[in-house]
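Protein sequence lines, in the order shown, are assigned to chains G and F.
Numbering-wise (our numbering), the first sequence opens with residue 1 and increments by one.
Numbering-wise (our numbering), the second sequence opens with residue 1001 and increments by one.
Treat the hints with care, as some may be off.
[To be verified] Cβ-Cβ distance ranges computed for the label pairs, FRET-style: (1) His86(G) to Cys1647(F): 30 to 38 Å; (2) Val1654(F) to Ala72(G): 21 to 29 Å; (3) Gln61(G) to Ala1643(F): 39 to 47 Å; (4) Ala1604(F) to Asp94(G): 35 to 43 Å; (5) His86(G) to Gln1629(F): 26 to 34 Å; (6) Ala1604(F) to Val19(G): 56 to 64 Å; (7) Cys1647(F) to Asp57(G): 26 to 34 Å; (8) Val19(G) to Arg1634(F): 45 to 53 Å; (9) Ala69(G) to Cys1647(F): 35 to 43 Å; (10) Arg1634(F) to Ala72(G): 39 to 47 Å; (11) Ala53(G) to Gln1629(F): 31 to 39 Å; (12) Gln1629(F) to Thr92(G): 20 to 28 Å; (13) Ser1617(F) to Asp57(G): 55 to 63 Å.
Hints listed in this document are in silico derivations from the structure and should not be mistaken for laboratory results.
Think of the CB as a built atom: it goes at the ideal place given N, C-alpha and C, for glycine as much as any other residue.
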Amino acid sequence: MPAFSFNDILLLATTLFSVGLAGVLVRRNMVFMLMSLDIMLNAAALVFVGAGARWHDATGQVMFVLILALAAVETAVGLAIILCLHAHGRPTLDADTGNLLRGWNHG
Amino acid sequence: MGEILLPLLILCPLAASMIVSVSAGRMGACAIGTVACTGVGISAVISIILSITLLSGPPAGVLQVTLWPWMHIAGFSADIAFMLDRVSMVMILVVTIVGLLIHVYAAGYMRDDPGIARFFGCMTLFVAAMLVLVLASDLLCLFIGWEGVGLCSYLLIGFWYNDPANTAAARKAFYMTRMGDVALLCGLLLLATATGSLRIGAVLAAVTNGQLAPSGVNLAALFILVGALAKSAQIPFQTWLPDAMAGPTPTSALIHAATMVTAGIYLIARLHDLFAMATPIMALTAILGTLTLLMGACTALVQSDLKRILAWSTISQLGYMFLALGCGVWQAALFHLMTHAFFKALLFLTAGAVIMRTGHEQDIFRLGGLRHAMPGLSAAFAVGASALAGLPLVTAGFYSKEMILSGVWHVHFGLTREWTLSGHPLWGIALLGAFLTALYIFRCVFIVFCGKKQGTSATGRTSRLMSIPLGCLCFLSLCGGVIEMPDTLPPLHLFSTLLDPKTPLSHADEPIWLVLAGALAPLAGLGVAWVLWGRATPVMHEIPGQAAIIRLARTGWGMDALYDRVFVQPFRLLTWLTHHDVLAHAITATGRLTQAVSGRIFQARTGFLDILSIWGSRGTGWMAYLLGQLDNGRVRWYAAWIAGGLCAGLAMAVLS
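Just chain F, same shape as in the assembly:
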């Protein structure tokens, strides 16, 4: 049964996408929403059935389906093949269930948009591509999904293509991830040439058997890491994600929660055996993740656009996941991915509803006091914010973040024999990041929902179609984390045993203050945020924007300018050059020069001939005249000429 259901899982959203795209303009908004939601819904049901089947089987059971061989040549083969193991099971559950909730919400949100068919066509295609990505058992097949999500993100970010800013943001996202895609392809080709196959199992087996040289493993891991960094918007590729807010809000939710940015996390988690062999790359991953989480949190603290705050918080949270991946606790990364999908989808959808009801106002300082006008949305946003901050015990984010923090505390990178990198500084920065996370998200909560009522007024009601997904996501954000707890609390390890039954993570030697520190950091952040922005007369209405560092942070640390200077402007120059085609100009100029020269030569030649003939004829005339003058019939002159000629002849004969 699994052999049929697994392809069907991908086919349902794909079919929905086809139907919706083809029927553009012929179906009503309701019908389109229904078709799209049905497609994703069926695949959600199938993924639940498949998960139950898988879990009831043996612990290491894997469902393999090879649809058709793609290419077979000497030394290399690739298939269109899918594989369901426990890692991809978690992913398909997240993608389909969160995706379904977002689709249901979007059916309400986009009801009045004229381009709804195009929108849902892209959204369901997005889900299908992501499912291909997470289910592929062949890295080349995975790459199809990888490119598919890149394409769909481009289409959806530039959905309102009438505004040039939106299309610019879409292009930016596409180009930035494209750089990573090239790196990923390089890594895949490296692996393919070394192992002759890109089947994940075969590649990992070859790597763990020592079939590749350590330098080759490091290089391949580095390339794949760069691909994942670009897809997941980590330093130095983080600039595309904040601009990706140009798309409709459900798109943002889908990109940030279920699809797209999680692809990088999934890829590294899937290839964790490869990365375990490349210690320097692991350390690099951890350091980049730490830097990103700190930078994302600091930047989110000074933003004033509601959606941009959430975007930077996504970058920060993805930094946590990369930190976990770098420290080898990939289970924690996947766990955080799952909980992050819940609360980030909740936050985005709530923000979308708020923005929609306040007449597309995104500046948090022009919103305010919305608690009374929309209590339900306020509660939902507060739940999402708590989960993001990781308020202890009651939220999902706490457990996943705690798992990452404890994993980071124990890690040691043996880079060389003498020099090892301890995880403790990383843990400290991650804890600071947790504090900052609570600070910035509650700053947002207090400014938007508490405080005085600002000029914008809320209108209308949130439709039931939109509020039901919010309720479900609230529930998941609060209770989704209890399946995995630290040892100091009830030692419940459902998630990590589910992922890897053989070697469960041990937290046995974990000191109790580690958990306490992880619990207190968000609370401290909440407290400081309350002092600064939450009280009736806020201490700080707004972080003063005069300081240079804040201006720098608000614009994303000058990375955009740097990219502009390093890549965009040289490229523009290049396109300008090709557009104006200097070479062609040079050739044209040469041609014109030749033409001019040949014209001159032609003129000179004809002129010369003219002059020659004119002078010739004139000379002939003169000579004729002279001869005529000689021939004057006067005999004496003839005699004189004869005598002169004779004298001349004699003189010549004598003198010579």
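Bound conformation, chain G alone:
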């Protein structure tokens, strides 16, 4: 008898996903956006783990490991982009200022 039912897990995952999504949508700081994305990925991973427990299948665990790797890579790439932008002289972390195809300084 598991401590949590699958419904609870789905509810938690949905809540986490919603929090992450809200963070992506609302926050303008790119670091926070990356963090919110990680929360969303973790929500998805939680569903995989819950489903594996529900159906007694190890594949869920495998998928969690893969998602963990993906999250690491994503964070790394995201931070790299932020650092790169910063290196090119962007003084801010505001995501909305990056909507022009031409560069900040060249505009």
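Place chain F on chain G using the hints.
What follows is chain F alone, placed relative to chain G:
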């Protein structure tokens, strides 16, 4: 010799007509008059020679000349053929001799008219057409002459065509006789289909042999009667003749005396065998003739135009002839035709001379006392008037009218087995007509020639060219009638034996008071006219014009108005309709409507496309703008859209 002379008789006036017409403007007035008179004169001489030849031959001798075949088809044939028998002999003598006298007179009368060539061209053509009519032995050939006189009368009545009233009168005469011509043609076609030929002899033989059904005979006779009524201006076609006075006076004389109006009489007299088989039509002829003679006399009594009085008197006298034809005494009709030709020509020519010398004054109340200024003309007019009234013994009119009256007295129409119509009432009306005839013509004589001198003054003299024909006609009017007398007088029957040697008219059982009544009626008319208008202080200067009946009579009994209402105005409406072409208007309107509709549709279509393209482009612009707005490069918005889209997709997947 007759075979050459008979065509020559017609050819002479025809050639004269051609020469005169073609030479218009190149020959002087004298030369034109000479050519025309020569043409008619030669034919008068020829007709006299032919008459002598015919009379010296056997009693029933007929001179036949077939010039050329006109048409030959299966079941029908027609020739250009002429025939001279005793009926046509009388007619050619009347036509050529009276015609010659009128031509001689006209040569003087029309001397100063610029259109004299046209005038004589028509006049001689008129005579030629009338000769064709009376000589034709084929009814189709007769029809050529019939139409020819109609055409010439049209041309001559409208001779002074500058006045619209004259051309209107000419058109009226043409149309009125045209109605009769159509009826006549119907009758001829009926006979042609029944008998296969229109040769008069063949047709009459077929009819008397009973080859036609009685109804067919009646119908054919009725059609021919309508044609004759129109040509001879009888009820109900009488309206054209008084208006025909618009032409020059010699024309009036020619129409009234020798040609045109006598054609109807001649046609029925020629076909009397056909009419004898159709008793109801005979009765109809007699009744119409009686009505016409009474109406003509009453109307003449209230006219004030000299020529119109004479015109109405012609209608009245033609009524006598139709009465005689209806009663079967066609010899009497022809006899009256002959004497009428003499005295009516005399009256018209005299009236023409009077009118000419008084400066074209035709109102009898403005003439007056002309006896002293022109004694010769007064005497001539008085002679003509006496003959017209039929003063006993001394005038031609008396004998011919007497012959008609005695014929009418004896007649009985067996219409059906029970119902017969006696001739006695007709005789009574005819006698009343004789009284009225004397009354109206002597009213005219007394007012114009006796009485006080009025404002108009006579000028000039009547030229010899005009007075010689008047003299000849005077003689004929007085003495032309003695060749036929009632039995109570010396029984002299030259005319009726001449026409029909086999069955002479018998007047044996004629009571003497019949002749006396016929003699006294004109005398009574003369006496009453003398009392009313002839004395130094006339009892009646003028019949009071206030009475409605007199106003009605003066305008010809409203027949003109009736015709106007019944025929002319509907026809005018029709011409107006065709002139304005309602149908074309309707079609044009439809076309315009279609055009307008198609224009609207075109506009609507282009407008629709315009609107569509405008809105399309505008919408595209908006959409592009919106999409452009979406594509704003803000990552958070992209994520929001992705999330929204995902939610929508899921909602659709779950809810559907």
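Going down the list of hints, with the structure as the test:
no.	hint	verdict
1	His86(G) to Cys1647(F): 30 to 38 Å	34 Å, holds
2	Val1654(F) to Ala72(G): 21 to 29 Å	33 Å, violated
3	Gln61(G) to Ala1643(F): 39 to 47 Å	28 Å, violated
4	Ala1604(F) to Asp94(G): 35 to 43 Å	56 Å, violated
5	His86(G) to Gln1629(F): 26 to 34 Å	29 Å, holds
6	Ala1604(F) to Val19(G): 56 to 64 Å	59 Å, holds
7	Cys1647(F) to Asp57(G): 26 to 34 Å	29 Å, holds
8	Val19(G) to Arg1634(F): 45 to 53 Å	21 Å, violated
9	Ala69(G) to Cys1647(F): 35 to 43 Å	28 Å, violated
10	Arg1634(F) to Ala72(G): 39 to 47 Å	27 Å, violated
11	Ala53(G) to Gln1629(F): 31 to 39 Å	45 Å, violated
12	Gln1629(F) to Thr92(G): 20 to 28 Å	23 Å, holds
13	Ser1617(F) to Asp57(G): 55 to 63 Å	57 Å, holds
This entry does not satisfy hints 2, 3, 4, 8, 9, 10, 11, going by the numbered hints stated previously.
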